[in-house]
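Here the protein sequences line up with chains E and F, keeping their order.
Letter 87 of the first sequence, counting from 1, is numbered 90 in our numbering, and no numbers are missing.
Letter 2 of the second sequence, counting from 1, is numbered 108 in our numbering, and no numbers are missing.
Careful, some of the hints might be misleading.
Output of the computed footprint for chain E on chain F, the stretches with three or more beta carbons under 8 Å from beta carbons of chain E [claimed, not checked]:
(1) 135–143
(2) 149–160
(3) 166–179
Hints in this document: simulated from the structure, not taken from any laboratory.
C-beta: ideal position from N, C-alpha, C; glycine also.
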Amino acid sequence: MFKEISLHILDLAENCVTSGAKNINIKIIENTKDNRLQFEIIDDGKGMNKNEIEQAIDPFFTTRTTRRVGLGLPFLKEATEACNGSFDIQSEPGKGTRVIAKFQRDHIDRMPIGDIQSTILNLLVGYPDIHWCFEYKLDNKQFVLDNNEIIKELNGISFSDPMIIRFLRTTIENGIKVIHKQK
Amino acid sequence: MNTIKSLEDLKRVREEALQKRKVKTTSGQTQVIIGMGTCGIAAGARNTMKAVLNFIEHENLQNVLVTQTGCIGLCEQEPILQVVQGDSPKVTYGKVTEEVARHIMKEHVMMGKIVDKYVISV
Numbered sequence: 004m005f006k007e008i009s010l011h012i013l014d015l016a017e018n019c020v021t022s023g024a025k026n027i028n029i030k031i032i033e034n035t036k037d038n039r040l041q042f043e044i045i046d047d048g049k050g051m052n053k054n055e056i057e058q059a060i061d062p063f064f065t066t067r068t069t070r071r072v073g074l075g076l077p078f079l080k081e082a083t084e085a086c087n088g089s090f091d092i093q094s095e096p097g098k099g100t101r102v103i104a105k106f107q108r109d110h111i112d113r114m115p116i117g118d119i120q121s122t123i124l125n126l127l128v129g130y131p132d133i134h135w136c137f138e139y140k141l142d143n144k145q146f147v148l149d150n151n152e153i154i155k156e157l158n159g160i161s162f163s164d165p166m167i168i169r170f171l172r173t174t175i176e177n178g179i180k181v182i183h184k185q186k
Numbered sequence: 107m108n109t110i111k112s113l114e115d116l117k118r119v120r121e122e123a124l125q126k127r128k129v130k131t132t133s134g135q136t137q138v139i140i141g142m143g144t145c146g147i148a149a150g151a152r153n154t155m156k157a158v159l160n161f162i163e164h165e166n167l168q169n170v171l172v173t174q175t176g177c178i179g180l181c182e183q184e185p186i187l188q189v190v191q192g193d194s195p196k197v198t199y200g201k202v203t204e205e206v207a208r209h210i211m212k213e214h215v216m217m218g219k220i221v222d223k224y225v226i227s228v
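Please model the complete structure; the sequences and the hints are all you need to start from.
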């Protein structure tokens, strides 16, 4: 359904916010030697019991009151299975949720990671009261962004301030460029 | 994150931002809300928000607060963008592509003129 992995990440991050999470951790790991691409999203929201986890993967179930279908998770599950990968949800009521999606990196149907920069920027600006921690590891190189460090420095200035948007955008773009640079 | 270098840059950015804050061009704040539920994302809402942020950055727009929200139940109208300006009631726009977003930012957010063509009733 989505053409990029980064859009699935954006979709799952929205679920974390809806669950009332205060801390959300997004980890992307790409390993060319192991032919592995995976991402994890961990939150400390209200979590789910076993029954709710099963329902979450059912496309005809949703917690929304406005529609009767919830397609985000079922589509992601299908996308991983189409790429010889796997999909898992670990959750505990009151503790939080962890979603792990794995793909065979060189599989012909594996969608690109895509514009992860915009995904990260949108989440940082759109939900500035949440503690976000992004980690993108490509082989032995890593980009980490923890917005707590930024919030401390900002000390009251809005994340929607044009200069802050520019700072965030360039920090993210440069960080991701660096890990993709060939030696 | 290259902590030392980046945080130093951020300190400088913060100082500059504080200076600019003293000169206000519009009174009150405008809130721009973008729907980022599964339906929104599938319809291209990420790029809509990207266009809004780019607009703010390049026009150096102060006093705008951009936030995200989940699905509001009008999935066929996605991407959805809402504007709350001062004490005025919230205006909801539908089918907001990147171009439409730029138009709304210019006409409504900057000049206070609602863009009737794209308004939808909630």
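- Hints violated by the structure (numbers, ascending): Going through the list in order, the structure violates no hint and respects every one.
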